[in-house]
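Chemist: Residue numbers (this note's numbering), protein chains in the order written: chain A, 1 to 115; chain B, 1 to 118.
Careful, some of the hints might be misleading.
Stated by the list, open to error - Below are the SDA-like pairs computed for lysine to any residue, each with C-alpha atoms no more than 20 Å apart in a straight line:
hint, chain 1, residue 1, chain 2, residue 2
1, B, Lys3, A, Gln50
2, B, Lys3, A, Gln41
3, B, Lys3, A, Val19
4, B, Lys38, B, Arg51
In short, the hints are calculated from the structure, not lab data.
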Amino acid sequence: DGGITQSPKYLFRKEGQNVTLSCEQNLNHDAMYWYRQDPGQGLRLIYYSQIVNDFQKGDIAEGYSVSREKKESFPLTVTSAQKNPTAFYLCASSPGGGIQSSPLHFGNGTRLTVT
Amino acid sequence: AQKVTQAQTEISVVEKEDVTLDCVYETRDTTYYLFWYKQPPSGELVFLIRRNSFDEQNEISGRYSWNFQKSTSSFNFTITASQVVDSAVYFCALSERASSGSARQLTFGSGTQLTVLP
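The following block holds chain A by itself, in its conformation from the complex:
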């Protein structure tokens, strides 16, 4: 079955450590996205990528970094510079052609807790 796989589902880290969240898709989608979800809030865009080896900052990119070396993979690194990293992180993809106007396919999310 095609879909988006995020791992791990739960992640715990100590403050000051960088952590990388994995996102893999086998939908052959060009565009991939990272969103952050906080309780009682909508999703906020961290980074997105329209094509391999290219990515753009979203609304809240500070303290995060990404790479897009392969079409299938879009890992997100939460760096120690991110002041409030505890959140639920969702990866998404879309066929592309209409960035942020095409329906998104989402993974199951990674819940990151930093103490």
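Assemble the complex: chain A is given as a structure, and chain B must be docked to it using the hints.
Modeler: Structure of chain B alone, referenced to chain A:
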């Protein structure tokens, strides 16, 4: 000002009741898209519908229906004869051209938690 307002934070209904989730949006763009997504307890968001700004026809899909009214900038979602499996957080979202250029920007509302009681 919020671009997408879902004023109902939480709604509880008893199974088989009808329920309407409200969504009000704000945009200056003439070509925009509206979406509804469902987020069950498992966490992933599931796409339900996309509507473009030129298509004001209401849509029905099984027990789901959507009422798009440009005059009131609303895109409301109704579930008829609700079921326990409908319990989830529902997000409305708006895709419009960003003020800084031609790139589109997708903005989510804060979501409505729907609980359907047996």
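Chemist: Flag every earlier hint the structure violates by its number, smallest first.
Modeler: 1 and 3
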